[in-house]
Every structure is written in C-alpha cells, then in structure tokens.
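*Asks:* Just so you know, the sequences run in chain order A and B.
Counting along the first sequence from 1, when you hit position 98 you're at 97 in numbering that gives the first Met the number 0, and nothing is skipped either side.
Counting along the second sequence from 1, when you hit position 225 you're at 224 in numbering that gives the first Met the number 0, and nothing is skipped either side.
Quick caveat, the hints were computed from the structure, so don't treat them as lab data.
Glycine is no exception: its CB is placed at the ideal position from the N, C-alpha and C atoms.
There could be a bad hint or two in this list.
Incomplete in silico selection of chain A near chain B, CB under 7 Å [what the hints assert, rightly or not]: (1) L36; (2) D49; (3) T52; (4) L61.
Stretches of chain B that chain A covers, calculated by requiring three or more beta carbons in the stretch to come under 8 Å of a beta carbon on chain A [stated by the list, open to error]: (5) 61 to 67; (6) 341 to 347.
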Amino acid sequence: MSTPRASSDQPPHPARQHSAWRWSGPFLGLLMLALLLFAATLIQATVATDAATPLLRQRAGLVAELGLTDLALFTEARYTRHPSQADLHSAFQDHPMALDRFPTGSLVPVPAGLTE
Amino acid sequence: MIQDMRAVLRRQRYLLEYSLAALARRPGKHLLLLSVYALIVFLLSSTLLFTQAMRQESARVLAESPELIVQRLVAGRHDLIPAHYLASLTRIRGVSDGHGRLWGYFYDPAVRANYTLMVPRLDPPPAGEIHLGAGVARTRGLGLGDYLSLRSARGEPFAPRVTGVLDGRTELVSSDLILMHPDDFRHFFALPPEHFTDLVLEVRNPREVRKVAEKIIQALPDTRPILREEILRTYDAVFGWRQGMVFLVLSGALLAFAILAWDRAAGLSAEERREIGILKAIGWETREVIAMKLWEGAALSLMAFLIGYLLAYLHVFHLSATLFAPVLKGWAVLYPSFTPTPFIDGLQVATLFFFTVFPYMVAILIPIWRVAITDPDQVMR
Numbered sequence: 000m001s002t003p004r005a006s007s008d009q010p011p012h013p014a015r016q017h018s019a020w021r022w023s024g025p026f027l028g029l030l031m032l033a034l035l036l037f038a039a040t041l042i043q044a045t046v047a048t049d050a051a052t053p054l055l056r057q058r059a060g061l062v063a064e065l066g067l068t069d070l071a072l073f074t075e076a077r078y079t080r081h082p083s084q085a086d087l088h089s090a091f092q093d094h095p096m097a098l099d100r101f102p103t104g105s106l107v108p109v110p111a112g113l114t115e
Numbered sequence: 000m001i002q003d004m005r006a007v008l009r010r011q012r013y014l015l016e017y018s019l020a021a022l023a024r025r026p027g028k029h030l031l032l033l034s035v036y037a038l039i040v041f042l043l044s045s046t047l048l049f050t051q052a053m054r055q056e057s058a059r060v061l062a063e064s065p066e067l068i069v070q071r072l073v074a075g076r077h078d079l080i081p082a083h084y085l086a087s088l089t090r091i092r093g094v095s096d097g098h099g100r101l102w103g104y105f106y107d108p109a110v111r112a113n114y115t116l117m118v119p120r121l122d123p124p125p126a127g128e129i130h131l132g133a134g135v136a137r138t139r140g141l142g143l144g145d146y147l148s149l150r151s152a153r154g155e156p157f158a159p160r161v162t163g164v165l166d167g168r169t170e171l172v173s174s175d176l177i178l179m180h181p182d183d184f185r186h187f188f189a190l191p192p193e194h195f196t197d198l199v200l201e202v203r204n205p206r207e208v209r210k211v212a213e214k215i216i217q218a219l220p221d222t223r224p225i226l227r228e229e230i231l232r233t234y235d236a237v238f239g240w241r242q243g244m245v246f247l248v249l250s251g252a253l254l255a256f257a258i259l260a261w262d263r264a265a266g267l268s269a270e271e272r273r274e275i276g277i278l279k280a281i282g283w284e285t286r287e288v289i290a291m292k293l294w295e296g297a298a299l300s301l302m303a304f305l306i307g308y309l310l311a312y313l314h315v316f317h318l319s320a321t322l323f324a325p326v327l328k329g330w331a332v333l334y335p336s337f338t339p340t341p342f343i344d345g346l347q348v349a350t351l352f353f354f355t356v357f358p359y360m361v362a363i364l365i366p367i368w369r370v371a372i373t374d375p376d377q378v379m380r
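Isolated chain A (complex conformation) (with noise of 0.2 Å):
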C-alpha cells in the first residue's frame, strides 16, 4: 500500500515502482484534456459570438425594416407567435382544452360546459 510518507530523498518502495502512477496518470492526463476542452468551449463561444455579429445585425435588420414584435419559435397560437401583442391573460382563448404559457393553466381545469 502507498502511503503519504514518501519522500523526494527515498527511492520508492520496490513494489511501487512498476505500479507508481498506474491510476493517476491516465486521470490527471484525461482531466487536463476535459480542462482543455472547457477553455475551448469558452474561446469558441468567443470566437463564434463575433462571428454571429452579420448575422445578427441581419436579423435586427429584419425586425427593423418589417416592424417585427416577436420570434417566431412558437408558431401553434396567437398567443404564443406574438406573446408579446397577445391579449392580457388570454387563457383558454384559442380553444378549450389549448394549455398556456400561465402556471395557472395547468392547474385550473376546463369549464365542464365546454368538455360536455
């Protein structure tokens, strides 16, 4: 077994010496390359955001010149293409069983009317 008390001046004990290493190495030499990879990922999220800047502008270019409001991520309701024109608080409003972008609507149930 291993122990803390080694040394610089004592040579390692016989046993060590083909296992020294055995487990550390590979792991300090896969966590240098995750710890590389990490700063690539900083440096190229960078290097990419710069580069986006034309296609950014572009886009800005286009909500300018169309008078856009929204993105168009959510496209299934009026209320979600354009949640911000949406009426306010228009649970419910494109049809009964529609879930909304509320908390509340998924806790509060249809009118039973409109289910029957």
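Once you've looked at the hints, dock chain B against the given chain A.
*Replies:* The following block gives chain B in isolation, referenced to the frame of chain A:
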C-alpha cells in the same frame, strides 16, 4: 524551496493515486455514480446554456422592434384600430412619426399550420405576388414562381405567385411570414378600409416613451400601448419561465441524486471506517486522511461536471438543442431551423459549478473528519 514544493506535489499525487485506486476497487458503483452525476450536470447545463443563448439572442434581435405600438381594445380584446386614431396620436407631444401596421394570422388546413400574413411598410411585393418565410416555403414545398393556394375570408380562392423567399438565416424571426401587397391583404381578410391591425409610433426622445404611453391612454382610453422594453421583458420572462419549468420537472431527479450523493458521500460504510482506522494505525495523519477523501470526491465531482458541461455545450450549440426541440415546438408545425449563438455567461457557469461540485465536497468532508479524529482502535472495533 523547490525541493519542498516538489515533495508536497508528490505527496498529493500519492494521495490522489490512493484515492483513485480506492475508486477503482468498486468500478461499477462509481461509474454509475459518475454517469448519473454527469447526466444531472448535462441536463442543468443544457437548460442554462440554451435559455441564456435564447435570452441574449432575443434581446439583441428584438432591440430593433418598434419603439411603441398602440393596439385598440374592444371588450377587452385586441381589435382593428381606425386610421384616424393615428392623427390624434401623432399630435401628442414627443411623438415624431407614426404609421399603421397590417398583419394577421391565417390557419392553413392543408398543413395544419398558422401563418403570419404581413404587409411590409417599405417596398411590399406587387399585387398578386408574395414573399415567403423559409419555414412556409419548406412546409408547403414551394419555390420561386410557384403559386400558394389559400382561401380568403369571403371563401374565394386566392393564389398569389411566390416571387421571393426570405433568407433562411433569419428564420428565427421570419419562419412563418407571408409578405404581401396591402390591397391583397385587405381583400384577403375582407378588412374594412381605413383600419389597421395596430399603429407604430416613433418617439423623439427615448426617455419620454413612458410619458408618451401615459398620454396615449389619457387621450384614447380604449387603446393599449406596448413599449419595446415590454417586448424585451416578455422574452426575458418567457425563457426564464421555460427554464424554471425545466428545473421544476428536473427537481425530482435532482432530489433523488442529492439523496444518492449524500448517502454515498456522507454515510461511511463499515468497510470505509475500518480502512480509515487502518490508515491511521499505520501512521496517516488526520489531514492526510481528509485530503485523500477530498481527492476522491474532487476526482468524481470534477469529472462529472466537465463531462456533463461539455456534452451540454455540444448538444446546445452543435446539435441545435435536439432534446429541447419537442418541448419548444409544442404543437407548432412551422418550427424555425436554427442553431443558437453561443452566448455564455461565465457567472452562470461558475454558479452551476459551485452548486454541483461544492455540496458533494461538503457532504464528504464532515463524516470523514468525524471518523478521522476518532481513535483508530475505536474506529476499527
């Protein structure tokens, strides 16, 4: 000095070697723990990276949206606004200019998709022609020169020719758009003349926008002004809310993992207690036992964090957040094809690191310290 430093480093490496060997004695158990730990970090990181990127992107893109929009409300719902409202509004002090917008929705039963029909203020397509968003063109399989067949509000067929397709790189804001001539728009929706969907106002001094909005409500009480800052706030809230929902769904898994990790880290088995007793009996000091166990925890939690984060980065910024697409799509047929721009908030990553790695280390420290300060003879018994 350098000799001392080397000795310290070598000692720490021996401790790490011992810790890794201890982990390797039960590979199945520790690999499972590492996988679950990395999976939790992956889910949390993916959510954080995606919502942060979308928040930043929406803030930058929508910063160019109209400064002030005025809707008319009838019986609490958005209604068409008469053109003469524009004259009253542009007379308000601080308003420099204004124009009406024509836009609306059309549900296409052929593909069960909602389109946003819109009239560009400047340079609209000629009558009988339309420009399509890339999502509409893709969904309907249309290209330049094709005809899009729709049924108007009066039930008449309307088949304008496609003379333009918007750049696919702008899909995030234009995927479902159909741009047309104002006369076509009014005829298609049977809109009364001299009415608009809403009005856009330009304010001379941006700091006066709120004041102008107050004056609008006073002058025309049946209107609702929408400020650009409200649009930006809406998106901040939408992504914050979606992030919160994902965290809520994940909270069960997080709790289960916390219990597992706590049990693994805090509850020392009899075998581990015995091992510590033996180490102390052969001359290990308390701080060395603690350092050894901390290395064990650090190796596990650091690797889990890095693996989880790197996979999340790959998922969100190189695989277009594939796992989130079904959640974002909802029931939408038209979904923009896009890859988020990697806006990374260092503070958020640091917070994630702190909340995923630190609790595990603390959970390890306390029970080890308790056992390590006890007499070896007592521990081994």
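*Asks:* For every hint, state whether the structure bears it out.
*Replies:* Here is what the structure says about each hint:
1. L36: Cβ of L36(A) sits 5 Å from chain B, so the hint holds.
2. D49: violated (10 Å)
3. T52: At about 9 Å, which exceeds the 7 Å cut-off, the nearest Cβ of chain B leaves the hint on T52(A) violated.
4. L61: holds (5 Å)
5. 61 to 67: Check passed, 5 qualifying residues.
6. 341 to 347: holds (count 4)
When each numbered hint is compared with the structure, violations occur for hints 2, 3.
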